[in-house]
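Colleague: Okay, here's what each chain looks like letter by letter:
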Amino acid sequence: MIAALNGAFDDISKAVRLHRVWVALAHEDIGDQHRRTTLGPLWMLVNYFAFVGTFVFVFVTKDASDPSYIAYVAIGMLVWFYLTETITMSVSLFQREASFIQGTTLPLFVYVMRLTMQCIIRAGYSLAGCVLILLLAGYGINSNWLLSLLGLLLIVVATPALVTVFAFLGAFFPDSEFIVGNLMRVGMFLTPVFWVYSGQEGVQKYAYHWNPFTYFLEGVREPITAGIFPTHALTVTGYVCLGVWALALLLLGLYRKRIVFLI
Amino acid sequence: MTSIKLNNVSLVYRLFEKLTLSAPGRRRSALGGNISKSGTKQVVQALDDVSFELKAGDRLGLVGPNGAGKTTLLKVLYGIYQPSGGTISIAGKVDALFNISIGFRPEATGRRNIVLRGLISGWTLAEIEEKMEEIIDFSELGDFIDLPFKAYSQGMAARLAFAAATALEPEILLMDEWIGAGDASFQEKAKRRMDELAEKAGIIVLASHDESLIQRVCTKKMTLRAGRVESLT
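So the protein sequences, as listed, match chains A and B. The opening residue of the first sequence carries number 1 in my numbering; numbering runs sequentially from there. The opening residue of the second sequence carries number 1001 in my numbering; numbering runs sequentially from there.
Chain A extracted, bound-state conformation:
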């Protein structure tokens, strides 16, 4: 166990030293995806506006005039898009990086950080859109935004661990790419991204309380929409973060040298 953890930390520290590699590759990835388009990466902002607008103005018309609901959906979508993209792309990570893994000695964590960086850059565009929506909805910048940033920071800290765990899952269980993809699509409706939980019984109650994603969302959302410090949400998110990191370190330590034989 100790040897495994040492191996994991060694891989991570080597990858951190090679930060120029994954930062450069992530930028190239983003650039390549929009290279020939007129708007370039701004398409990510457009996509975000389209989704938030659709949910606010089309699906939930009765609440559309409520600025707190607009903020609720805008922040919910920001966090959900980030999580769903990170997780679904992680499952096929090692397959996509097969030629690098089989042809170079780069540490495995370089690929984890490459995807993490990519997801963070993409989320940056949605974040700009979210800030704009919040300002237009009448939420002036105040100290509560700092509490929200704390929630975002926790999610960012959890990201490399989430990527690692789902990347190993995809390597050992290739079918998981489709299973996870479908679960995340369904998950949007089982997570309070655009619906508001106000003490209902039944499925919504369980989907709210027993869904870890709820706490990822609420940790960012509550400070701005409810003006409170999200103690419970941040505590649960913190525990989830610790658990996922423990699992990620274990997987990295035990299996990083075997991945090359699996892909």
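Just so you know, the hints here were simulated from the structure itself, not pulled from any lab data. The structure displayed is predicted, hence computed values, not measured ones. Any given hint might turn out to be false.
Okay, derived cross-link-like pairs now, SDA-like style, lysine to any residue, Cα gap no bigger than 20 angstroms in a straight line [to be verified]:
1. Lys1191/B - Leu1141/B
2. Lys1041/B - Ile263/A
3. Lys257/A - Ile1080/B
4. Lys1150/B - His34/A
5. Lys1093/B - Ile1128/B
6. Lys257/A - Arg1225/B
7. Lys1150/B - Arg36/A
8. Lys14/A - Ile1080/B
9. Lys257/A - Gln102/A
10. Lys1150/B - Gly31/A
11. Lys1150/B - Ile263/A
12. Lys1055/B - Lys1191/B
13. Lys14/A - Ser1121/B
14. Lys14/A - Lys1093/B
15. Lys257/A - Val1043/B
16. Lys257/A - Pro1083/B
17. Lys1131/B - Arg36/A
18. Lys257/A - Ser1084/B
19. Lys257/A - Leu1141/B
20. Lys1093/B - Leu18/A
21. Lys1150/B - Gln33/A
22. Lys1041/B - Arg258/A
Since the structure of chain A is provided, determine the placement of chain B on it from the hints.
Modeller: Quick look at chain B alone, frame taken from chain A:
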């Protein structure tokens, strides 16, 4: 002092039965090689009891039929595969020429691809800058260097990949087949570059099916068969 020492190195992969929802008959292993059963598990014995020692100035040619373990041995020496038994001791900076086009991005310019390739190879930004003009000159791409890689002809792409891949100063050089690129005149230049590279490297390990090449370049020859050393001369 540059050296390589392998003692009873073996590499056994367990063939992971990937968890899958497909019918058992459709499951297939990801690897070839010498597959055998160990209890209920399938294992591949890729290298078996390989021992040899090389010192500065040695040029080792690896020969053997397909599946003999030549590429596997190179990847063990490079550190991509971790041996499952035996010991390896290597003194010196190891570089490898396995896939010279690895990491090249079609949308990026030639210049940007040199930077990316350098970063992947572990060069510092200063080293990349230092080698940049030399790589561009060697590849003879001229103004094309600032066009996207996808706009290059096959020959131009090969020239850039070759120039970037061979702009290294290894103490130990591992090669899976001798590489060449481009038209007749560039091939001559590439041959000279490879000769220089071989000359500069302290130790070379070259896997090839070309016996005459092995005779020309190498001072030692190791024949592998089914992962075992058949002869070392």
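Colleague: A separate judgement is required for each hint: does it hold in the structure or not?
Modeller: Hints and how they fare:
no.: 1; hint: Lys1191/B - Leu1141/B; in the structure: holds (18 angstroms)
no.: 2; hint: Lys1041/B - Ile263/A; in the structure: holds (18 angstroms)
no.: 3; hint: Lys257/A - Ile1080/B; in the structure: holds (8 angstroms)
no.: 4; hint: Lys1150/B - His34/A; in the structure: holds (16 angstroms)
no.: 5; hint: Lys1093/B - Ile1128/B; in the structure: holds (18 angstroms)
no.: 6; hint: Lys257/A - Arg1225/B; in the structure: violated (25 angstroms)
no.: 7; hint: Lys1150/B - Arg36/A; in the structure: holds (13 angstroms)
no.: 8; hint: Lys14/A - Ile1080/B; in the structure: holds (15 angstroms)
no.: 9; hint: Lys257/A - Gln102/A; in the structure: holds (11 angstroms)
no.: 10; hint: Lys1150/B - Gly31/A; in the structure: holds (15 angstroms)
no.: 11; hint: Lys1150/B - Ile263/A; in the structure: violated (27 angstroms)
no.: 12; hint: Lys1055/B - Lys1191/B; in the structure: violated (25 angstroms)
no.: 13; hint: Lys14/A - Ser1121/B; in the structure: holds (14 angstroms)
no.: 14; hint: Lys14/A - Lys1093/B; in the structure: holds (17 angstroms)
no.: 15; hint: Lys257/A - Val1043/B; in the structure: holds (16 angstroms)
no.: 16; hint: Lys257/A - Pro1083/B; in the structure: holds (10 angstroms)
no.: 17; hint: Lys1131/B - Arg36/A; in the structure: violated (30 angstroms)
no.: 18; hint: Lys257/A - Ser1084/B; in the structure: holds (11 angstroms)
no.: 19; hint: Lys257/A - Leu1141/B; in the structure: violated (39 angstroms)
no.: 20; hint: Lys1093/B - Leu18/A; in the structure: holds (17 angstroms)
no.: 21; hint: Lys1150/B - Gln33/A; in the structure: holds (15 angstroms)
no.: 22; hint: Lys1041/B - Arg258/A; in the structure: holds (16 angstroms)
Checked against the numbered hints above, the structure breaks hints 6, 11, 12, 17 and 19 and satisfies the rest.
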